[in-house]
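*Asks:* In case you want the letters, here they are:
4 protein chains.
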Amino acid sequence: MEAANPEYAEAVRAVVLSMPAAKHLGFTFGRIGPGEVEIVQPRRPELTEHNGFFQGSILGALADFAGGSAAGTLLPAGWVNMTIDYTVKILAPAKGEQVIARGRVVKAGRTTTVAAADLYAVDGGEESLVVTALVTMRNLKV
Amino acid sequence: MEAANPEYAEAVRAVVLSMPAAKHLGFTFGRIGPGEVEIVQPRRPELTEHNGFFQGSILGALADFAGGSAAGTLLPAGWVNMTIDYTVKILAPAKGEQVIARGRVVKAGRTTTVAAADLYAVDGGEESLVVTALVTMRNLKV
Amino acid sequence: MEAANPEYAEAVRAVVLSMPAAKHLGFTFGRIGPGEVEIVQPRRPELTEHNGFFQGSILGALADFAGGSAAGTLLPAGWVNMTIDYTVKILAPAKGEQVIARGRVVKAGRTTTVAAADLYAVDGGEESLVVTALVTMRNLKV
Amino acid sequence: MEAANPEYAEAVRAVVLSMPAAKHLGFTFGRIGPGEVEIVQPRRPELTEHNGFFQGSILGALADFAGGSAAGTLLPAGWVNMTIDYTVKILAPAKGEQVIARGRVVKAGRTTTVAAADLYAVDGGEESLVVTALVTMRNLKV
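As you go down the protein sequences, you meet chains A, B, C and D in turn. For what it's worth, numbering that gives the first Met the number 0 labels the leading residue of the first sequence as 0, then goes sequentially. For what it's worth, numbering that gives the first Met the number 0 labels the leading residue of the second sequence as 0, then goes sequentially. For what it's worth, numbering that gives the first Met the number 0 labels the leading residue of the third sequence as 0, then goes sequentially. For what it's worth, numbering that gives the first Met the number 0 labels the leading residue of the fourth sequence as 0, then goes sequentially.
To be clear, the hints were calculated from the coordinates, so they are not data collected in a lab. Please note: incorrect hints may appear among the correct ones.
One copy or two, it doesn't matter: identical chains are merged, so the pair holds either way.
Unchecked claim - The calculated BS3-like cross-link candidates involving lysine-lysine, where the alpha carbons are at most 30 Å apart (straight line), are:
1) K140 with K22
2) K106 with K140
3) K140 with K94
4) K94 with K22
Chain A with its partners taken away, still in its complex shape:
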């Protein structure tokens, strides 16, 4: 895939990480390429269930941010996107010290982009798949 905006990585990082809800989660970006991003979310107590695992809707939030950010890497400068639809399948309990969310664009359109996200819990350094998700974004010129 090819990025329309040469500054796509900085643009995505800036727009996502300045969002209060994202700041609150406290994730960072790993690798960012055209059409794909990696989000790294450390475990913090307020993101967990009773048993200390990552809570389901936090996983959904990470899937949404990863898919939406991947979609964002392909936007022209001056465009933003917003989620209109996401489906999250929780495959296993998300036990571990962090979750890595990998988003990738499935199909980029002018006004709508579909992305997928897979989330891996990292427990003792070992990754296991815990969520798969699909996200649809609306693209808007600001």
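Given chain A's structure and the hints, the job is docking chains B, C and D onto it.
*Replies:* For chains B, C and D alone, coordinates are given in the frame of chain A:
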């Protein structure tokens, strides 16, 4: 619908509100009946997007909690549930001072329950529909 | 809800029933109102599973047609819609002589409309809920 | 992935192709491996929209069959599965002489398996992605 556990309202309130991720969001329950609940989420800055609206994945979290809690009202004592799947459709920007999430059971099964959730943003006291969602829960005897 | 096209019922019936895939299923419309439709699908052997129940993806097709048709009732004359996304939850085996699919608009937008569909199997004259679904349609001026 | 049933390919082919709804569609299986299958669906007029493209809910049916069949390859002998949930994202019009649906297991569980399916329209021999989908199957010992 009929509740198997006469203490269903207390049970759901206790299990949901003691979850760290729910505590962090800071919502309260409104009406709780057999197969339906109302969740009231005040706006706080860390739940918002750049423009001050509720952020999309926070809406997804509220849908998940509302659907899951509605499903929880029908569980026998000593059972819990966990989300295995949710689909969130964001219909409009969630502008306002609070969001009310109304969850209701669509079909209760022994091991799986499907619920729906509709979210309303309350802006200047006026409600408007902003999200519709479907949630599937797995039911487990603890 | 209010229909923009006074001939909405005729328009929806005409555009849907002239579609080869719909003709093949062989359903008819029941009640059609602004933002809601009823589709009646008699059982035929080629729509079933091994056990003679309606097959799952046939139910998905009926949900898609019911949601999309409901959305279509609100389109201005000269517009059409097409499904871009649907989520189908199969709640129970669809046993019976027919399935009634009831579609209703959840939120009508200019370029995108979200609808819901609930399907009821009719067995010995008695209805039971077998599917709930959400459908997103793209609206296009032709 | 590893198949529990050494006769998995024959088992899946037999159970799927003997289903009346599948017979009616008239697809064949291409490659079948543990956790993945390929379904090849020739265009026939009764599977199309007005413009001659594959109709959306037919694409959904192929996604469902491909995901469910992929999941089926990992079942022990004497087990079957049935769809409980599927989400279909239609990415582009499905124009062409056939559609190839590739299903793969995302996560196999004892009672529930999640699979993904990607559909490609083949037009003049050239493949293009037209649908991505997620399917959840319930596994049952017969």
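*Asks:* Could you tell me which of the hints above the structure violates, numbers in ascending order?
*Replies:* none
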